[in-house]
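Asks: Protein chains in written order, with the numbering used here: chain Y, -13 to 334; chain X, 14 to 316; chain B, 252 to 566; chain Z, 9 to 536.
In short, the hints are calculated from the structure, not lab data. All of these numbers come straight from a predicted model, not from anything done at the bench. It is possible that part of the hints are untrue.
[Unchecked claim] Per the computed footprint, the stretches of chain Z lying under chain Y, defined by three or more beta-carbons under 8 Å from a beta-carbon of chain Y, are:
(1) 329 to 337
(2) 347 to 358
(3) 376 to 385
[Said to hold, decoys possible] Pairwise CB distance ranges (calculated):
(4) B:LEU544 with Y:PRO155: 35 to 43 Å
(5) Y:LEU8 with Z:ARG276: 55 to 63 Å
(6) X:LEU176 with Y:VAL0: 44 to 52 Å
(7) Z:ARG148 with Y:PHE9: 39 to 47 Å
Beta carbons are placed, not taken as given, at the ideal position from N, Cα and C, and that holds for glycine.
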Amino acid sequence: MKGRQSASGVLSTVMGLALTILFSFGLVILLIFLLSKMPAKTIYAFFIGPFSNKYYLGNMLNVAVPLIFTGLGIAVAFKSSVFNLGGEGQVYAGGLAATIACLAIPHAPGLVGMALALVAAATVSAAIAGFSGFFRMKWDADEMISSFLLSAAVALVCNYFITGPFDDPNNNILSTYPIAKQFGLLKIFPPSKLNVSAFLAIAAAILVYIFMNKTHAGYEMRMCGLNREFSRYGGIKVSRYLVLPMILSGALHGLGGGLMVLGTYQAAIKGFSFGMGWNGIAVALIARNNPLGVLPAALLFAYLDAGAKSAMLGGDVTFEIASIAQSFIFYLVTAQALYDIVRKRRRA
Amino acid sequence: MSSNSSYSVPLVFNAVEIMTPFLLAGIGGLFTELAGMLNIALEGLMLAGAFFSIVFAAATGNLFLGIAMGVLSSMLLALLFGTITLKLRANVFITGLATNLFASGFTVVLAYQLFHTKGVIQFQNIPKLPVLVVPDFLQRIPILGDILFGHNIIVYLTWALVLLSAIVIYRTPFGLRLRGTGINADTIVSLGLSPQKYQLAGILISGFTCGLAGAMLTIRLAAFVPEITSGRGWIALVAIYLGNKTPFGIAVASFVFGLTESFSNYAQGAIKIPSDFILALPYVITVAAMILYAVWRHSRATR
Amino acid sequence: TAAPLNVAVFIPGVVAGSPTYEQIVAAADKMAAAGSITSKVVEGGFNQADWPEKVTSLAATGSYDLILTTNPSMPGICADVAKDFPSQKFAVVDGMLAGNAQIYTLLYNQVEQGYFAGYLAGLVTKSTMKGANKDLKVGAIVAQEYPALTVEMIPGYTQGFKAIDSKITLDYRIVGNWYDATKGADLANSMFDSGVDVILCIAGGAGQGVIKAAQDRGKYVIYFDADLYSLAPNTIVGCATLDQARATTEVLKKAIAGSLPYGTADIVATKDGYVDFADKNPLYTKAVTKDVLDKMAVMLKQFRTGAKSLPVPKM
Amino acid sequence: MQLLEMKGITKLYADDLVANDSVDFSLEEREIHAIVGENGAGKTTLMKILYGLEQPDSGSILFRGVKKSIHSPLDANRLGIGMVHQHFKLIPDFTVAENVVLGIEPLRAKIFVDHVTAAREIRRVIESHGFSIDPNARVRSLTVGQMQQVEIVKMLYRKAELLILDEPTSVLTEQEIDSLFSTLRSLREDGKTCIIITHKLQEVMDISDRVTVMRKGGVVAVRSTSEVDKAELSRLMVGKNMLFQLDRKYAACGDSALEFKDVTIRQRGSNRPLLDRVNLTVRSCEIVGVAGVSGNGLGELEDSAAGLRRIDSGQILFDGQDISGLSTGELRARGLAYVPADRLHRGSSLSSTVTENLIVTNHHNFLRAGFLKSGKIRHYATKLVESFAIDGGPRIAIGTLSGGNIQKVILARELTGEAKIVVVSEPTWGLDVASSQFVYEKILEMRSAGAGILFISSNLDEIIGIADSIAVMYRGKVVGFLRNEQDQSKEFKEFIGEYMLGLRDDFVSPDDFVSRDDFAVRAKGESS
Ligand SMILES: Nc1ncnc2c1ncn2[C@@H]1O[C@H](COP(=O)(O)OP(=O)(O)OP(=O)(O)O)[C@@H](O)[C@H]1O
Ligand SMILES: Nc1ncnc2c1ncn2[C@@H]1O[C@H](COP(=O)(O)OP(=O)(O)OP(=O)(O)O)[C@@H](O)[C@H]1O
Ligand SMILES: [Mg+2]
Ligand SMILES: [Mg+2]
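Isolated chain Y (complex conformation) (with noise of 0.2 Å):
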């Protein structure tokens, strides 16, 4: 972790991981052809289906928005040393709250209740993982083990809403009432879901980035986050950021869950997050914490769900193949080892 990263430092950065991708990649096609009885064509739907047309392109960008919230909200926290691993149940807790707060005003204007559902998503989940904040400060509990726990229950209470008091008798998924029509985020490629969340994913990206860097608090956060003692010595509120990054990780978590109900569901389905709570400290790692670096990594994230998908439809490939691909390059896309050759070739 060195202070900054110069311009050439960041080219080979990723160099190396273009480099540690293809590499993976490769082991995936072997994957492919040791198990698929028509390989050529999975491989095809694999790699390139993702963008063999507008659907699956749209939806994979779509997949892309909520992991790019989850992401950032755990670089925030990561930066300063403070450990969330509750992601999952905050996400969800977010989805849910921005859905129960649409089905409260049914017949408000579009604008107001978007707003008002993110910002209940924002606040729920931003009140879960500041819990786990405060015992931090307050009483020294460690917040990673905390939020964890705290998540499980919360995702459990979450599913008794959304299959008890919020159920909709009316279908017969395990979802709640739909939302209002005019809640529903602006689709912007179609057919696809992608919408206008992906905007607001860009934005939340580069306003993080100007936070953690640019402001006093961003400051103060990463200080901290770098050395406490010297931070106290220094003058600053250590205390204070055990708890606020804990809060703001809880809230982008919560408007990831939220705009996924506004923007793709329209509803709070049982289990609809599920995964983004994990993908996203992956996503965060791979960016090294880097707030602009989560964009491209959330959308590493979405090409390989997508690929999955499509080889399932278009190949023959089964969710257990998907997942062993989508293993080989979490195994290498952080491998410093391969980074470095590619560092020291540009050396010489």
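Once you have looked at the hints, place chains X, B and Z with the ligands on chain Y.
Replies: Showing chains X, B and Z with the ligands alone in chain Y's frame:
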């Protein structure tokens, strides 16, 4: 329904059974944790152990050979996880996620290749895990007798491992260096030792115990069910932290979780509240316990 | 002969470990092998939020004459997709939606299916069978709750054992997922501890734990959907079945013949032969006492002949 | 005969920074060899290469005439090379014994660590060199000086043949240094060879047989010590004559700026307090030097004055107001500046840039609507980097600077702008002569600007050199307090030394002025 005491004994007995996989995985995870690595791969390692131990047990018809092979394969996966993390210097969290993904995918694919099903695989010729027989007078100790005895040997093996690990960690050079690695790897380097060596050892040990934990799951059922570990590795990780990163602490933490789990199983039949709440109970109670413990420790520290 | 009918079979979940889904796929494959259709099976996975997108993708390919799928949640989803693809036809077995010209649905009367299980459970718990005890307690362990379960199967089950003895009570517990067999076993054990001696098991992979526990404790399990006595002879004492294979075959035959009445919603019950109880299997006859056999036979006869039937409540 | 020869050693850090530039360095057996040079000259780097911590980009190493490649400290240890790092390589949670034996633990029953034997052998080493540490104490509870001792014990315990000491004396007191040096001499008698890096030329003269002078990554001279004097050495180092002397005029002392009233800090599980009813007053325009052997409460004094440690009883007054319990932030707001002894963890954030380190205390002054004015900040940082002659730009990670330069960054941050109270602890630890001189001048500037200065140091020379009055601490008590008149004479030092070692209990109050002959009389009185 009859008086509570008649329920409380099986309640605790079951808790002891339930806690064992957490405890095993936790003890192994402790070695990685002390070496300064967050090991979220426990889940995957457990799954590998679960699958291979039952498969080999069925293939060889020998329970212990099967368990041994299961442990071995779990350690092989750990080796992969460790080498990539340490030699290629990859982020341990992501390689951990990868290990879990890989295990859950790989077991099913293999199951399909071997048994042509991706679902439950039943094995007929699996012997029962032997149950430790104790002299009658022990068995007759009121309450304790019924709670402590009559479990399968893996349970007792686990208790032995808790003791052993405590000795290794606090009494042997290996333990000293392992902890040193976790606290300040530079020091280890400056002494001409290799932190990686101890970190890899830690990972392999976690592979060992997780393999055992997995074996216990499948052998008990005489079957393999995809995703059978269903989050136990994560609970084990929690136990490590709740247990203050000490073997006995982990034992206590696992027991607390086992007890809440066992209670919520029982409560489902007894109390009529929405199932989701009951399922959430173990997490809620554990987090509450954790906070209370922290408050207590805090008040002691500031006094 | 005419070009084969191109069919996509969408499985909401994964085929693995679900007898009902396996039946559908098998039936489709059989007809594909016969050359009368081409079939492409697509698994939707456990996240139902993904299903609409995947069905849409299937429809979007435009290369399937019929999308065949199953489970009560699908008609709604298909209806949504149908809007965007007016020429796409759907058939849903085990689901119900009337009046959509692109969709044919066929619903099983799972109240009756539950009733058979309940009736047997009632007989067993009061029986003289080795594992049976005095307590008037029967059990049910399910993986997760969903409408068909809470509205049809469990009420049917309850009516079943109440018909034997209104004092029998139900101990009903939930695993929380489809695969935690260990928890399944723990739940079963805790139920046996509280006096239950027979458990209806609708828990997918987790059911394995229930079976194992019952075997170890010498108690009984009733299975759902398919003839699965072989999983645990003498422990599984009954299987209330759905004939998904037959439904699939019938639907596809009609579709090929062009005679599938899109827009209509059929409800099929025991008397139509789609819902039944597997009482031919010797493992069943060996597992229960004569007395139980006879009482079951009488009851089943009434339903098969249509003399008796149960209404399906609106979901 | 020749023990070691390093030929044409070149080491680049980053792509451009040449830390060692084809350095030739050789070592005779049984000699004590000093290496001197400005901060950033490349001394440590050279030693790290010899010890296998860094790999040279080019050059070769001959040990006992045989070419060796030293890839890791393990290789070094095999050759009998041991190194004491300036920035300790200790494990705070372990006991002294555990730290010392780590890696070569004595065994019981072939598998267990034999703590008994370990403690015994270590105690022997400790006693035979007059160190003051308990093998069973946790390292985190030790003071910097004691940690230094642990490092040395560690190496002695490992029976190294060639001992490398990177600025071992920085934090040691006169007495400790004397005993260290006699240790080194006796080691030489035992046939061992020593390399010692130091910035104190007097020490070079006292201890070394030969001296190598480094400058800007290269060797500029190798001399046998008898042939050089301090003046020449410093000329070789910096190119101009640089001798340690201060011209400082008295300034009238103002009213009390910082006052300790019966301040007490207890320690858990021991009835001896860490601070024992300490009374101390620092007036504005006054430098109060606090001398003491490490382990006698200097650290606690530092922490409590800086608001980083809560006191159990008593009061600390700042401009007459009780500030005990206030955070460092609040104290800084009232005009505290603070240069900590622990430069690497408290004083700086190693992976942050120099700029980020510089503005931690005052980034509030660079805000517009919650945003940092990066332009202003860049300008401010560049200015400080220039005026404090910090090598390396404002945008590089401070961790890659030499220890000396890290310290300069801290000083730049703390000694810029006005302050009512300046707490400085070991400010010149690791600084070369020029930098130290520079630091003293800065501190004097602060003083004449009206600040009261609490100057905690284990280096008696500099205390006598700069302080207006001297407080001596022993076992958490202030056992002596006397006016200071820059008396560098040996007697005066010994006189204070006796207080530091707790040999005298007659409290010298600032009021009875201690004149030269006065203390001489006392000293005699003691000795006879
Ligand atoms: N790890 C590193 N990365 C980058 N630059 C480094 C590193 N270590 C040292 N340097 C640089 O190499 C040069 C020599 O450093 P070194 O520590 O050897 O100097 P030194 O003689 O020990 O100085 P000091 O007397 O302050 O210890 C300095 O400019 C320093 O900034
Ligand atoms: N691997 C590294 N990465 C970054 N910085 C390093 C590294 N190794 C050494 N440094 C820095 O380079 C400088 C020189 O190394 P070292 O730590 O020995 O300093 P030093 O010479 O002992 O300091 P002093 O001037 O107090 O003697 C130190 O300040 C250290 O912080
Ligand atoms: Mg009964
Ligand atoms: Mg140095």
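Asks: Indicate, hint by hint, whether the structure satisfies it.
Replies: Evaluation of the provided hints:
Coverage of the segment 329 to 337 of chain Z by chain Y holds in this model, with 3 residues showing a Cβ closer than 8 Å to a Cβ of that chain against a need of three. By the rule of at least three residues with a Cβ nearer than 8 Å to a Cβ of chain Y, the coverage given for the segment 347 to 358 of chain Z holds, with 7 such residues. For the segment 376 to 385 of chain Z, the stated coverage by chain Y is satisfied: 4 residues place a CB nearer than 8 Å to a CB of that chain, which reaches the threshold of 3. Checking the proposed 35 to 43 Å range against LEU544 of chain B and PRO155 of chain Y shows it holds: the Cβ atoms sit about 40 Å from each other.
In this structure the hint that LEU8 of chain Y and ARG276 of chain Z lie 55 to 63 Å apart at CB holds, the actual value being about 57 Å. Remark: the range hint 44 to 52 Å for LEU176 of chain X to VAL0 of chain Y is upheld by a beta-carbon distance near 51 Å. At about 44 Å, the CB distance of ARG148 of chain Z to PHE9 of chain Y agrees with the hint of 39 to 47 Å.
Checked against the numbered hints above, the structure breaks none of them.
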